[in-house]
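Q: What follows is the residue order along each chain.
Number of protein chains: 4
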Amino acid sequence: MHAVVKKKREPGAEITTVNPPKIKRDEVLVKVKAASICGTDVHVWDWNEWAQSRITKIPLILGHEVAGVVVEAGSDVTTLQEEDMVSAETHIVDGTCYQCRTDRMHVCQHVQILGVDRDGVFAEYVALPERNAWKNDPHLDPAIASIQEPLGNAVQCVLPKDHIEDVAGKNVAVLGCGPIGLMAVLVLKTLGAAKIFATGGGRNRIRMELGRKLGADMVLNAREDDVVETVMDATGGNGVDVALEMSGAPSAVEQAFQLVTPGGRVCLFGLFEQPVKLDLNDAIVFKAATVYGISGRRMFQTWYQVKGLVSRSDFRKKIASIITHRMPIRDIAEAMETIHSKQAAKVVLEPRWE
Amino acid sequence: MHAVVKKKREPGAEITTVNPPKIKRDEVLVKVKAASICGTDVHVWDWNEWAQSRITKIPLILGHEVAGVVVEAGSDVTTLQEEDMVSAETHIVDGTCYQCRTDRMHVCQHVQILGVDRDGVFAEYVALPERNAWKNDPHLDPAIASIQEPLGNAVQCVLPKDHIEDVAGKNVAVLGCGPIGLMAVLVLKTLGAAKIFATGGGRNRIRMELGRKLGADMVLNAREDDVVETVMDATGGNGVDVALEMSGAPSAVEQAFQLVTPGGRVCLFGLFEQPVKLDLNDAIVFKAATVYGISGRRMFQTWYQVKGLVSRSDFRKKIASIITHRMPIRDIAEAMETIHSKQAAKVVLEPRWE
Amino acid sequence: MHAVVKKKREPGAEITTVNPPKIKRDEVLVKVKAASICGTDVHVWDWNEWAQSRITKIPLILGHEVAGVVVEAGSDVTTLQEEDMVSAETHIVDGTCYQCRTDRMHVCQHVQILGVDRDGVFAEYVALPERNAWKNDPHLDPAIASIQEPLGNAVQCVLPKDHIEDVAGKNVAVLGCGPIGLMAVLVLKTLGAAKIFATGGGRNRIRMELGRKLGADMVLNAREDDVVETVMDATGGNGVDVALEMSGAPSAVEQAFQLVTPGGRVCLFGLFEQPVKLDLNDAIVFKAATVYGISGRRMFQTWYQVKGLVSRSDFRKKIASIITHRMPIRDIAEAMETIHSKQAAKVVLEPRWE
Amino acid sequence: MHAVVKKKREPGAEITTVNPPKIKRDEVLVKVKAASICGTDVHVWDWNEWAQSRITKIPLILGHEVAGVVVEAGSDVTTLQEEDMVSAETHIVDGTCYQCRTDRMHVCQHVQILGVDRDGVFAEYVALPERNAWKNDPHLDPAIASIQEPLGNAVQCVLPKDHIEDVAGKNVAVLGCGPIGLMAVLVLKTLGAAKIFATGGGRNRIRMELGRKLGADMVLNAREDDVVETVMDATGGNGVDVALEMSGAPSAVEQAFQLVTPGGRVCLFGLFEQPVKLDLNDAIVFKAATVYGISGRRMFQTWYQVKGLVSRSDFRKKIASIITHRMPIRDIAEAMETIHSKQAAKVVLEPRWE
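Chains as they are written, first to last, in the numbering used here: chain A, 17 to 370; chain B, 17 to 370; chain C, 17 to 370; chain D, 17 to 370.
For reference, chain A alone in the conformation it holds in the complex (with noise of 0.2 Å):
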């Protein structure tokens, strides 16, 4: 079958012919309908120093966002058979650790995620086992079935447990316009958000112009405007209820810790290149602010609100603006290129390999 394979630990991969993958007992086949760019795999194509840190399996399939179709089912699977669309939970589990047995499978210690620790989803087939493999309405759009991914991610910010302070009628601050910023902005309008306050680095207009569209109220340049007065000033001095740190700038942590109201919550979702220097009194202690760090997405409590999400006809018409590019798996170093170029939101990749 065809794939785009990270052939070499350097820049780049190529597109090739591999094998296609052999199923478990306890793993379904899946034809790839849709896959989707993350950030993540940008990392990984362009071989940055967090990438090449992490990876150690070379030859290596990249990508880990899709939808598909069961076309093979284990001999042990009971919830699947062919034909079913399936989306992919990207985190692979033990299922036995003391994280998996306590409801908190998504830091599992022994996660493997797809298209970093095994082989990924930029292929014509992928293997994936019984329980990450999503079932969705056959009618879904592959394209939206395959950012349920990265959505997750997004309600998880907003939502990171069942037990959580809501975010209806509370002013939010969203630090960060990358295309989980978005759907975090969207989600937020979705679950009655009052005020929502986004943030970006201003030379995406695309994606600036987006958080408006999505249901921000104000969308801030965060280089050239004061954004922790102009916060203050729209909240009557209050600040925000939650701030979501979607952007690893260290810029955006001190802001969401200034703009948060005391006794509210932040949440860290961003990654950083470089330890953080934060001033823990202001920022936590006096405050009585909590932080909750966002890693993947509750199996499953997350991916059913995101279902019933989806399965309103008004949230999927704007969550599928956020793809500004559908483009062939055959011309991915030019969707790199597009999203290096910072003219895109979500690029979804088709099947078209030829």
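In short, the hints are calculated from the structure, not lab data.
Take these hints with a grain of salt, some might be off.
Because identical chains cannot be distinguished in the list, a pair is counted as satisfied if it fits within a single copy or across any two copies.
Straight-line alpha carbon distances no greater than 25 Å define the calculated DMTMM-like cross-link-like pairs of lysine to aspartate or glutamate that follow [to be verified]:
#, residue 1, residue 2
1, K38, D92
2, K229, D92
3, K24, D298
4, K151, D249
5, K177, D110
6, K229, D295
Use these hints to put chains B, C and D onto chain A, whose structure you have.
A: This is chains B, C and D only, laid out in the frame that chain A set:
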């Protein structure tokens, strides 16, 4: 001043002239701009069994839902001044009992309710403790400002605690389409619920129709439709994640527990004329259901949530549609009649006395 | 192997010889070292109404509380090996339904219970799915290892969710002094409850006495004492923060709701012979009470909590005192008789068959 | 009256005579029976950097932990009368800001702290708002009544919210064995924690020894022991479920995040002299850790919990052991010296002025 006063322990009330209230040091005097009729007011007007056993203060000015303008502030008042537009939190609490000191003022051990335990708001002026006068945006329509109180009940049904199972992406049933049931439908839709099922008695077609417009995916006739089977079918046999009992009908309680998915939650808001027989084993124990009794609204977390929702123009437009009648308060008898005749959802009274 | 088998749909069971179970790839074979008798086993033995309607598999090996040693592991088993000492989580779940995928396996839609839906543990050997075999410290007394299962029920009553109103420094009532009620008293004391009030029927003096020894500040006779007045007096009129219904008596449910402070919580664990009539207005709605149905125990958060408690020597010593009888399993009929005669708290069976 | 007054912006304070405070209508005058020394008092006495930047009111009566008897009640006071024994909640709040109206008075936007922002309790008399005077059992030892305030901090660290991951049966690390760290160890043990790991600097052997006596399974020397490796070994590699940072040492923060199990929680109570550099990716994001800033204690949920714990005689006996010194207040300089010399845990001052 003019006021609607129940002078005798019998049905009805009369419009008469009384002395305007004198405020205490910690109170404000509010000139009424709009008042709205709650089911409780109808019971007191009708002088039903509940009212006969509950009401001890006669003569009594009726009514508790209100919005108005501060015309005088007591000497200890620090947060309000003349011209402020306020609504009333209708539970007057002691502030010092176990409940008040542990964030449960809405179930204060010595609560007094406006228009039930002390003079209410169907008058030209009303005295409110500073704590109970909720300051509004000065541009908010007084009619909407007034119905923030029952809207708070609806929000409390959906989110009875700070840390609660969220409704985002979940399936929910609202059993009963009275004004607060309708508000609950709207709140659920605004908070990202997936499928919303509402039921009504069927005689008030205006309410059934409003249920659909406000966001219910299905509005079932509780008398004619097989509610449980229909909802089970529509949820793939899982049932709903949350069931809100808003009717006070024993059959609706039974349905709530049949509809709710194992491990789900049921909120009880409706009041019952009689004790209700429940198969506790199947309804609650084996199902590991969680049940929340709903009384009043949190002081003042719910008010802030309501304020946040009402600050959204899309929400304001929809909540306004629940107000089917705006009538001069001099026609209160006719207003009561309109409610009795099942031709209304929410009725707002305007301060036109002559 | 020897086993206690109910061969006919009638009271009692007989000790007989059957083929030892064959394990599946994902199961382990466990040689029983201790088994303990639960109220459910008594119902099945007695063949009461509930048992008659619930049990469909005959012949049936009885029993579900057990500890033993793994003597064989299926080919897919990864976390257990021969010689491991295990206890049984007695709910065999499908792992794939809505409940199982959302951290509520204990209310799995297709749950099977050992000794009820499939062959149980009153035998020389029992087959357990790997997931259900809970690995113990090898030095733990098998009798205590066995009663970790009902202890898990007690912990689940006290802490039914991860995020729950804590009992630390709170006043609590335990209505019913059966073995799990006694365990709840001990758990409450160990978790820092302030005043603990227990009630019992009075006929089983051993249990009443154990209630005091395990930490109850007062043990009231539910038949003779004015429970509500006594507890109200002892709590300055506030009532208890948490009331645990552990008896299945309608009068105890009523007491639970009368005793609980407004905004407090009630857990329902006892099973009722009939539907119960409740004044929902006063019991739940006006009181803004929260009610939790308790079924099984969380898989496996509760097991980890139990393990943590049992790792404390002070706790182990006390929990052991609830075991009033250790008898050879060949005397199971006598054991049942001892329980019927109200002379026992918890009875453990030892694998002496001849 | 006598009082310990800082008259100049320099180290130390002097015992002098000042006018007793006059109370407002909503205040009570309290005759001091015991006062205790907090780390904050030491900072103010020493006039360290923090104190220099924080304190604006000079002259200032020092101290905030206190118990005493009401000798006069303002005309608006309803819940207290002469002879009542009270302790002080030391955060004087406005009662009307966003935080105060949403159950977060402890982070009131206009909080004033006794002995920091207004005259404190190291005096013969102190004026307290009615709300801040916590009524005690009249038989409670005033020394213990006084240290309920820092005990409240310890409880707040363990249970920062009403709905929080419980510590029952969980493994916990307490990083720092100051008086509140020691109290946290005791609270954890009383609330059913499984294994408790405490760390201390090692120079104060009295505190290290107390850590063991109060319930820590291991007390590690933060300077000499490999804390992370030791705790990881003792928890089978899982780490602790909860880590409480009680020291203000950057190395302890780092340890807290290394020790905590994925998905676990970290509470930050210690104050830091400098901003702290954190690898947020590994510490919080990938670990999906939850972090709670701890400031003050909930008003008044935590006070009720403290009252409940102190009502247990076993707890009272142990908490008393943390009081290593009871000294006349005239010897306050010597008391400060004793604390500096690492020979004390908690020091209580008795009202002997001459």
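Q: Now tell me if each hint is right for this structure.
A: The hints, checked one at a time:
1. In this assembly of identical chains, the alpha carbons of K38 and D92 lie at most 25 Å apart whether taken from the same copy (15 Å) or from different copies (19 Å).
2. Taking identical chains as interchangeable, the C-alpha atoms of K229 and D92 are never at most 25 Å apart, the minima being 46 Å within one chain and 46 Å between chains.
3. For the identical chains of this complex, K24 and D298 are neighbours neither inside a copy (46 Å) nor across copies (27 Å), given an alpha-carbon limit of 25 Å.
4. Within a single copy, K151 and D249 get their C-alpha atoms only as close as 46 Å, which misses the 25 Å cut-off; across copies the closest is 18 Å, which meets it.
5. Taking identical chains as interchangeable, the C-alpha atoms of K177 and D110 lie at most 25 Å apart whether they share a chain (21 Å) or sit on different chains (24 Å).
6. Within a single copy, K229 and D295 get their C-alpha atoms no closer than 35 Å, and across copies no closer than 34 Å, so neither meets the 25 Å cut-off.
Comparing the model with each numbered hint stated earlier shows that hints 2, 3, 6 do not hold.
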